[in-house]
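Just so you know, the sequences run in chain order A and B.
Quick note on my numbering: the first sequence kicks off at 1 and runs consecutively.
Quick note on my numbering: the second sequence kicks off at 1001 and runs consecutively.
Any given hint could turn out to be false.
Examples of chain B residues lying across from chain A (beta carbon under 7 Å, computed) [said to hold, decoys possible]:
id, residue
1, Asp1229
2, Tyr1230
3, Tyr1247
4, Pro1326
The list that follows gives simulated cross-link-like pairs (lysine-lysine, BS3-like), each with its CA atoms no further than 27 Å apart [as the list claims (entries may be wrong)]:
id, chain 1, residue 1, chain 2, residue 2
5, A, Lys138, B, Lys1243
6, B, Lys1240, A, Lys176
7, A, Lys129, B, Lys1232
These aren't lab readings, by the way, just hints derived from the structure by calculation.
All C-beta atoms, glycine included, are put in the ideal place defined by N, C-alpha and C.
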Amino acid sequence: MANVMLEVKELTTKYITRFGEDVYAVDHVSLKVEEGKALGIAGESGCGKSTLALSLMGYYFAPLHYTSGEIIIDGRNISGMNPDEVRKSILGKEIAYIPQAAMNALNPTRKIIHFIEDVIQEHELYITKKDIYDRARKLFETLGLPAEVLQKYPVELSGGMKQRTVIAISVLLLPKVLIADEPSSALDVTSQKMVIKMLRQLMETGLISSLIFITHELPLLYNVTDDIMVMYAGQIVEKANSKEAVFDPIHPYAKGLMGSIIVPEKGLRDVKLTAIPGVPPNLKRPPAGCRFAERCKYVQPECKVHSVDLRELEGGRTYRCIFSEEQLRKAYQNG
Amino acid sequence: MKGYRKYFLNKLAWFLVTLVCAFLLNFILPRLMPGDPVAAIVARMAQGMSNSSGVQAIYEQYTELFGTNKPMLEQFFLYTRNVARGDFGFSFSQYPRTVADVLSASIWWTVCLQFPAIIVGWLIGNSLGALAAYLKGGFDKVIMPVSIFISNFPPFGMAVLLMVIFGVNLKWFPTSGGYGFDLIPSFTWSFMWSVIVHYQLPFWSIVLIAIGGQAIGMRSMSIYELNADYVKYARFLGIKDRKIVGYVFRNAMLPQITGLALSVGTMVGGALVAEIIFSYPGLGSTILTAVRGQDYPLVSATTLIITLMVLSANFIIEILYGIIDPRIKAAQAD
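Please model the entire structure based on the sequences and the hints provided.
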């Protein structure tokens, strides 16, 4: 069995609003990413994808707070660590992050190379500016980025270039886990493709050991990741390998999500898109039962009474529903 | 560098255009005041004279001397030529002193009072604003309302308030003048000490108001920058807070630099009031007596100097801006 790069056990984090209310945006999430693997996280807007990304870093600042659970990076448990220590020895080095809005992720008044110096010097005390420059240039060349970018200010770069620069900066210290939070959502299709290519390249060249890729665009996920996790209202509702998750979902929400998106594959051309009616529950007052019950076509009275646990199938596939796999498949066939 | 030269030339051109307009207005506006300044001087000179032809002769001699008998256009060209040579002519109200003489006696009082006051106010205000944004909580809750309260004081109100509290009631500081009225300007300890003591009230009346406004501006800019995406990203790369705070305050400071240029502008309007209230012997008091005495050359020269100071301050700051903020250069380059 390959090395486990990131293991998360029952991680729960919450936002505390201005009015002192708790919002559990990540609720008992467990996941595991092995070396050389990419995990995708899908779900509609507001389901807790980005919060999960932030929570995985092990470093929390208001309004996000840690509640319970464990984060283990390459065998090292970081959940009990002092935040300053996490920042110094984990962030950027062990686990790195590509933000959602890469457009504004760089300080507008600092040249790229100076920012890179700041990042590297933070983690390696005795390194000369020349060494930093050489390392940065080499990395940029490997990733197909022109070295001139280093001498520029962020405003002088195009959107796609800025995004790719941010990705390059994130992997400067060869992190074991890279968390990419919708790295392509603000880009045009061509730039998106370049970003995806770059993420794959990072995996192939071993610049990163594992990837967690968060997006609401399933076709992208299918192209990059090995496994896909579907989130709904802060919980995992289904976890499967990419192919099964996209083409053969079990959970009614996952089914609905996949049905509402075009995946450009043969045989799917004539499939009609369907929307899921209703809106996700308010996480300030999560429902007692299944969180998807209000919107589920196959809802039963008991769904709304007890919370539903994850069921595990053979091969490690999991889903969260009271129905068995056969029952659900039969229901889907009957429409 | 090419982009920067273009930026520089553009700013320089605007500087010159504004200067010409201001120069024109400086000449015309005082002369549009109703009344005849020469008549006032003659009335003073001819006190007790009963000979009307003698009074007439004195009047004509002065109009000839000051050139007020010539058409306005000719006066303007003469004035322009003289100013270009550095000659501002005679002061009407303080004749036979020349304008240059009057100004050189008063300008340093103003410069030495206003510039340090503006800079100190700016520095303290920005530091407090940045701290309020960074520390939040109780510190912010105290600084903010106090800043709003103080910054909305009219300059004369603050001056009068300080004068009443510290000058009249507590008698810690003198209430008027630039130095003790019984002293002669010299480099002696007693004179220096007197200058320092007289300096305090006008100085702090300007500083206090500046602090409030700058603190409010800096606080909101800093809060905006502290929540910017690049701050979050830098944190997640493990960069220390100390360094990130450096990024944030540099960026938040940029608009405040414009604020500094503008406050050099208010030096003319609001802050000169402090000089008048404290009878401080600077440009403020000079301009007041000049306007009262319809002293065209003195009014024109004073306003010209103030215009030059404001324009130069703005020009220098815009040039600096182009250097410290790459976004400005990028926007101006095309």
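Against the structure, the hints come out as follows:
Taken as an interface hint, Asp1229 of chain B checks out: its beta carbon lies about 4 Å from the nearest beta carbon of chain A, inside 7 Å. Here the hint on Tyr1230 of chain B is kept, as its CB sits about 5 Å from the closest CB of chain A, short of 7 Å. With a least beta-carbon distance of about 5 Å to chain A, the hint placing Tyr1247 of chain B at the interface is held under the 7 Å criterion. The closest approach between the C-beta of Pro1326 of chain B and any C-beta of chain A is roughly 4 Å, which is under the 7 Å cut-off, so the hint is satisfied.
Proposed proximity of Lys138 of chain A and Lys1243 of chain B is supported: the alpha carbons are some 26 Å apart, at most 27 Å. At most 27 Å may separate the alpha-carbon atoms for a hinted pair to count; Lys1240 of chain B and Lys176 of chain A meet this at roughly 21 Å. Distance restraint check for Lys129 of chain A and Lys1232 of chain B: the Cα-Cα separation of roughly 25 Å lies within the 27 Å cut-off, and the hinted pair is therefore satisfied.
Hint violations for this structure: none, all hints satisfied.
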